[in-house]
Amino acid sequence: MTTTHQTGPILSVRDLTVSFGRGAGRNIAVQDLSYDLLPGETLAIVGESGSGKSVSSMALLGLLPPRSANVESGTAMFQDKDLLSLPDAQLRGLRGDRITMIFQEPMTSLTPVLRIGRQLTEALIEHKGMGQADANARAREMLALVGLDEVDRRMRQFPHELSGGMRQRVMIAMAMAADPAILIADEPTTALDVTVQAQILDLMRDLQSRFGTSIILITHDMGVVAEMADRVVVMNRGRKVEEGPVADIFSNPQDHYTRKLLDAVPRLGAYATAAAPRSVVDKPTPVGKSLVHTEGMNKTFHEGGWFWKKGGGTAAMQDVGFDLNAAETLAIVGESGSGKSTTGRAVLRLLELDSGTVIVDGMDVRGYGKAGLRQARRQMQMIFQDPFASLNPRISAGRLVAEPMVIHGLASGGELQDRVEELFRRVGLEADHIRRFPHEFSGGQRQRLSIARALSVNPKLIVADEPTSALDVSVQAQVLELMLELQQSLGLAYLFISHDMAVVEEMAHRVAVMRRGRIVEIGPRKAVLNDPQHAYTRALLAAVPVPDPDRTRGTLPVIDAGTLPMGALAEVAPDHLVAQ
Amino acid sequence: MARFILQRLMAALVTIWIATIAVTILIHLVPGDPVRIMYGSFQTTPEELEAIRVRLGLDQPIWRQYLMYLGRLLHGDFGNSIVGDQPVIDILMTRFPSTLALTLSSLFIAVVVGMSLGFLAAYKRGTWVDVSAMVLAIVGVSMPHFWLGLLLLFLFALQLQWLPVAGGDWRSLILPALTLGLANAAVLARLTRSAMIDIFDQDFVRTAHAKGLPKSIVLYRHALRSGLVPVVSMLGLQFAYLMGGAIVVENVFAWNGVGRLAIEAVFARDYPLIQGFILFFAIIVALASVVIDVAYAFLDPRIRYS
Amino acid sequence: MVHGTTAELADDLATNGSARSRGFWRALLASPSGMIGLAIVGLLVFSALAAPLLAPFDPLRMAAGPRLDPPSAAHWMGTDDFGRDVLSRIIYGARLTLQIGVIAVGISLTCGLLLGLVAGYSSGWTERILMRLVDVLFSFTEIVIALACLAIFGVGLTNAMIAIGIASIPFYARVTHSVVLVEKGKPYFEAAIAAGAGHGRLIFLHLLPNVIPTLIVIGTLGVSTAVLAAAGLSFLGLGAQPPQPEWGFMLSSSRDLISRAPWMMIFPGLAIAITVLGFNLLGDGVREALDPRQRQR
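Chains as they are written, first to last, in our numbering: chain L, 2 to 581; chain C, 219 to 524; chain G, 166 to 462.
You may find that some hints are simply not true.
[Unchecked claim] What follows is a list of derived Cβ distance ranges for each label pair:
no.	chain 1	residue 1	chain 2	residue 2	range
1	L	Ser35	C	Val353	45 to 51 Å
2	G	Ala238	C	Leu376	25 to 31 Å
3	G	Gly289	C	Thr345	44 to 50 Å
4	L	Gln91	G	Ala204	46 to 52 Å
5	L	Val152	G	Ile201	56 to 62 Å
6	L	Asn459	G	Gly289	33 to 39 Å
7	C	Gln225	L	Asp81	55 to 61 Å
8	L	Gly94	C	Leu376	55 to 61 Å
[Unchecked claim] Derived lysine-lysine pairs resembling PhoX-like cross-links, with alpha carbons at most 20 Å apart:
no.	chain 1	residue 1	chain 2	residue 2
9	L	Lys527	G	Lys349
10	C	Lys433	L	Lys129
11	L	Lys461	L	Lys284
12	C	Lys342	C	Lys433
13	L	Lys290	L	Lys461
These are computed hints drawn from the structure, not numbers from a lab. Built from N, CA and C at the ideal position, the CB exists for glycine as well.
With the sequences and hints as input, model every part of the structure.
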C-alpha cells in the first residue's frame, strides 16, 4: 500500500455543500467538504449513517436525484475540469470511463433483463468507440481478471443466475474495464458475507496495483478502512471532522468524534485472553445450571408450489443440538443461509421442527399445547434484528412494553404503569417517552424498547437475533453494554445470533459456528476463537478485517466447499466439539 | 419455462372448471322451479315441462346434473337457448367475432395511448407534463364508458357526421373502440406510471447512469425493458376488463357482439344462454391470460431460464 | 384474547387514533387531490341531505315545464321528455347515488375484509382454497358477476346495489389478503407471537389496525367504482326503473333524443363523472395522507 506521490492531486474537492429539499424543509447533507485524492492512493471516507459520505461522492458524478438535491457550492477539479460545473454531456463522458463507481447492493445493481455481456460492454462501446467484438474480448478478459470461471458462459448469463459475490465481481469488472483514473466504491462489501468480503477486498487491492487506479472508498467499517486505506477522511453530520494518513487516524486520533468512533469499534482479539465476557456490574450472577437443551433439530423449508408444496426444498437445520446454561451466552455465528436464525426461532417454537428435542427449563417446548406454549413464552423472549420493523407502528411505546405483561396477566392498572416506567428507566429511556410512537424514536432507542419489552415478564432466556447489526457502531456499543449489564445483574441466558466475530467475542461464554444448516464447531469462546479446529471456522476468523492498520489480515486460507467435514460432532477437547 | 407455462395452463383449466360449477349452481339459486321459470311462460303443459325436466336432467341429484352438464360441454354442447331454441354455442360463435374485433382494437388503443402516457409521466415526474397527464388519466378513469360513448356519438356521428351512428363495417367500429380504448388507457396510464416510477428508483438504473450511458439508452435498454415486465403482467386483467366493458359499450353503439347478447338474455331470462355466456367469457379470459403470461415469461429472463 | 380486556383494546385504538388523526387531516387537506375530492364529496352529501331545499321542482313532477325545454333561467339544465326538471332530478339523484355507494361498498368491504383476514391469518389449505376461488371470481370481472346476480335476483335498483356489492367482494378480499400477508411477514407480528399473544390479540390489535388504512383507501376508491357500475346497470335497464331519478337511467332515456335534447345526456353524465372523480381524488388523497412514502412522489 505504499505509493510514492510525485504529482499533484488527481481530484481536488473544495467547499462542497449539498442540501436536500427547499425552503423550511431544507436539509444540509454535506457542508464545506474539502479533500484531495492523490494518484494511485485509496482514500477512505468514513462515517456513520447520515454523515453525508455517500452523498458527497454521488454529487461528484451528478448522480443525485436532480429534483430534490442541490449542489449549493464548491468545486471538484479533475484533469483541469470542475466536475460540479461541467455541462451534463461532458460529465457523462467522464462518468463510467475516467471515473467509475461500484455500489453496495450487488443483488439489485445489475439490470435484471440484460445479459452480463451486454452490461459489461455497453460503456466500452459508448466511451471508447470499440466495436462489439473488441468490447466482448475486453469484457471476457476482465471477467477472468476478477476471478470468474467459465467466462464465455458468464457473458451470456443474466444477473439472477449469479450469486451476490459473483455479481459484485461483475460490478468490479464493469467499473475497471475502462481503466478509470478514479474508482468510487460505495460500501462495496457491506451486503456481503465476511468471507466473500475478504475476497472482494483482496481483488480490489490487486486490481488497483495492476491498473494504478485511485480509489475513493466509502464505508462505515473501520476494519475495512484499516485494511484498505492510505488516507482517511472522517465525516460526521455532513462535515469533515478529521483527515490524515490511516496510521495517524488509528494511533493518534485528534477529533473527539473519531476517538469515540474508534473506541466503539469491536475488535476481534480484544478479549482473547478472557474466558468470559467482561464484568460490568460489581457482583455478576455466576453461570448456573442447564437451562436449554436441544438435540437433533431438523428443519427443511419447502418452496411454496402453486397449489401443493414442491418436493425437495432446502435443509435449514440438520441435526442441530446444543446446551445453554442460566446466565450464560451461547453465540451462534454463521454467514447468510447458515441456519442460525432458524435455530433461534426453533428454540422459541416460532417455527415447527420436522424432528428434534427442545427442552427449556426442564419442559419440552415441542410438547406444549397452544395455551401451554403461550404460558411458556413468559420464560423466553426474543429481540429482533430490525428495530424499525419489529415494533408495531400503531401502538404506543408504553403499550408495547406493557403488552407481554398484559398477555401474561402479570400487572394491571397503576402497578402496570409503574412497572412500565421502571422498565423504561432500566433500559436507559426517559419515562415521559411512554406516550410516543415507535417512529418517534431513533434506531438505538427502539432496540432499547425491544429489550424493555422482552424484560417485562422477567424471562430466563432471551434469543437475540442480530440485535445490533442494523445499528451504527457507537450505538451498537451502548446496546451491547446494556445487554451485558442486564445479564450480569438479572442472570439472563442469551442465545446470541450474530455474523460479527468481534461482537461475538465481546458477548459470548461459548460459541457455535454454523454452516449450511449444521453446527461445525462448538465450544468455550477461547477454544473456538483462539484455537479453531474446523477449517471453516479458521476461514471465517481469517476473513475478519482487523481495525488496525499495522496488523495485516494475512492471506485467506483456501477452503474447498466440497471437502469440508460436515459430519457428526466429535469432542477434541473438553466441551470443544468439531464436525468430522 | 415449460413448467411455468404448464402451471399457467393448469390455472386456466381450474378457472374454467370453477366456472362450470358456478353456472350449475346459478340455475339452482334462482328462487322457484328452474324449469317453470325458464319454460313456464311459453304456455307449456305440465307434461311438457316434465319432459324438459327429464331431458335437461333436472330431475336428477345435483352432482349427477353437474356431471351430465360437464359431459355435454366436453362434446361442445352448451345447450339450447330458450328464445329461438338454437344451440347456445352457435349463437355465441356468430356474435363473438364482433366482440373480439372491438376488444382487440380497444386493447391496441389502450396500450398505445395508456402506456406511452404513463411512461412519459413517470419520466417527467413532478413536472407539468406529469401533472397534466395524471389529471387527464384520473378524469378518464372517472368517465363512465357509456357517457363517453354518447358524447363521442353526439360529436362525431351527429354533429360532425364524420362517422356512422351504427352499422357493421369498420368505420362503425371506430367509435366503440375509441370509447372502450380511451377509458382503459386511463387505467393503464396510471398503472404504467407507478410501475415505471418504481423502476426509475431501482439501483440498476443508477448503475446505468453511473456508466455514463446516454439518457436514451438508460431509458430504453435498462428502464423500459425492465418496466415492461410488470406492465405486461397487468394486461391479462386489462383484457378481462375490456371484455367486461364491451358489454356496456356494445349496448351504447348497438354493436352486435356477445355483450349485447348477454343483456338481451338477462332481460329474457334465457338461462341456458346466460350460463353459456358466463362460461364462454370465463374461457376467453382464461385463455387470454395464458397468452399474456407466456408473453410475460418471454420478457422476464428470471422465468424464461428456469 | 386471554387476559387483555376489550376496554384496553378500545383504549389502544383510541390513543393510536387521536395521535395520528391530526396529522392525517392536515396531510389530506394539503394535497390538491384530497382537497378537491373532499369538496366534491362534501357537495354531494350536502345535496343529498338538502335535496328538498335545493331542488326547484319535485323530481317526479311531470310537466314542471314544457317538454324537452333547453336550459333556461327557469330550468337551468332543461327539461326531459316528460317535462320534468333535469336539475331537480339530478339533485335528488345524489341521494340514490350515495345510497348505492354506501350499500355496495358496505357489502363488499365487510365480506371482503372477513374473507381476506380469514384466508391471510389462517394460511395452509384454508388460505389456498379460499384465495384460488377468489382469484377465479376476480378474473370473471365485476360486471359479469353482477349480471349473474341480477339473473338470479331479477332486475331493479336495490338488487343492482346488492349485485355490485357481491361482485366486488373478490377485489376487497384480495387486497385484504395481500395486506395481511405483508403485515404478517413483518417482524413485529412475530414479536407479538413471541411475547405470547393469542389469536384475538394478534388479529384485532396487531393486524387489523395495520390493515384498516388500506381498506379506507380502497373503500373510498370503491365508492366510485360502485357508482359507475350502478349507473352502468341502470343505463342498460337492469338497475333503476322509471320514474326513479337515477343518473344512469336518466342517461339511458336520453339516448334516442341526443340530437334533439343533448342537455338530457350531458348533465346526468357530468354528475356521474364528477361524483366518481370526487371519490377517486379523495381516495388518492387519503392514500397520500396515510402513506408518507407516496407523499414524496
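Right, here's what the structure says about each hint:
| no. | hint | result |
| --- | --- | --- |
| 1 | Ser35(L) <-> Val353(C): 45 to 51 Å | holds, 46 Å |
| 2 | Ala238(G) <-> Leu376(C): 25 to 31 Å | holds, 27 Å |
| 3 | Gly289(G) <-> Thr345(C): 44 to 50 Å | holds, 49 Å |
| 4 | Gln91(L) <-> Ala204(G): 46 to 52 Å | holds, 49 Å |
| 5 | Val152(L) <-> Ile201(G): 56 to 62 Å | holds, 59 Å |
| 6 | Asn459(L) <-> Gly289(G): 33 to 39 Å | holds, 35 Å |
| 7 | Gln225(C) <-> Asp81(L): 55 to 61 Å | holds, 60 Å |
| 8 | Gly94(L) <-> Leu376(C): 55 to 61 Å | holds, 59 Å |
| 9 | Lys527(L) <-> Lys349(G) | violated, 40 Å |
| 10 | Lys433(C) <-> Lys129(L) | holds, 18 Å |
| 11 | Lys461(L) <-> Lys284(L) | holds, 18 Å |
| 12 | Lys342(C) <-> Lys433(C) | holds, 13 Å |
| 13 | Lys290(L) <-> Lys461(L) | holds, 12 Å |
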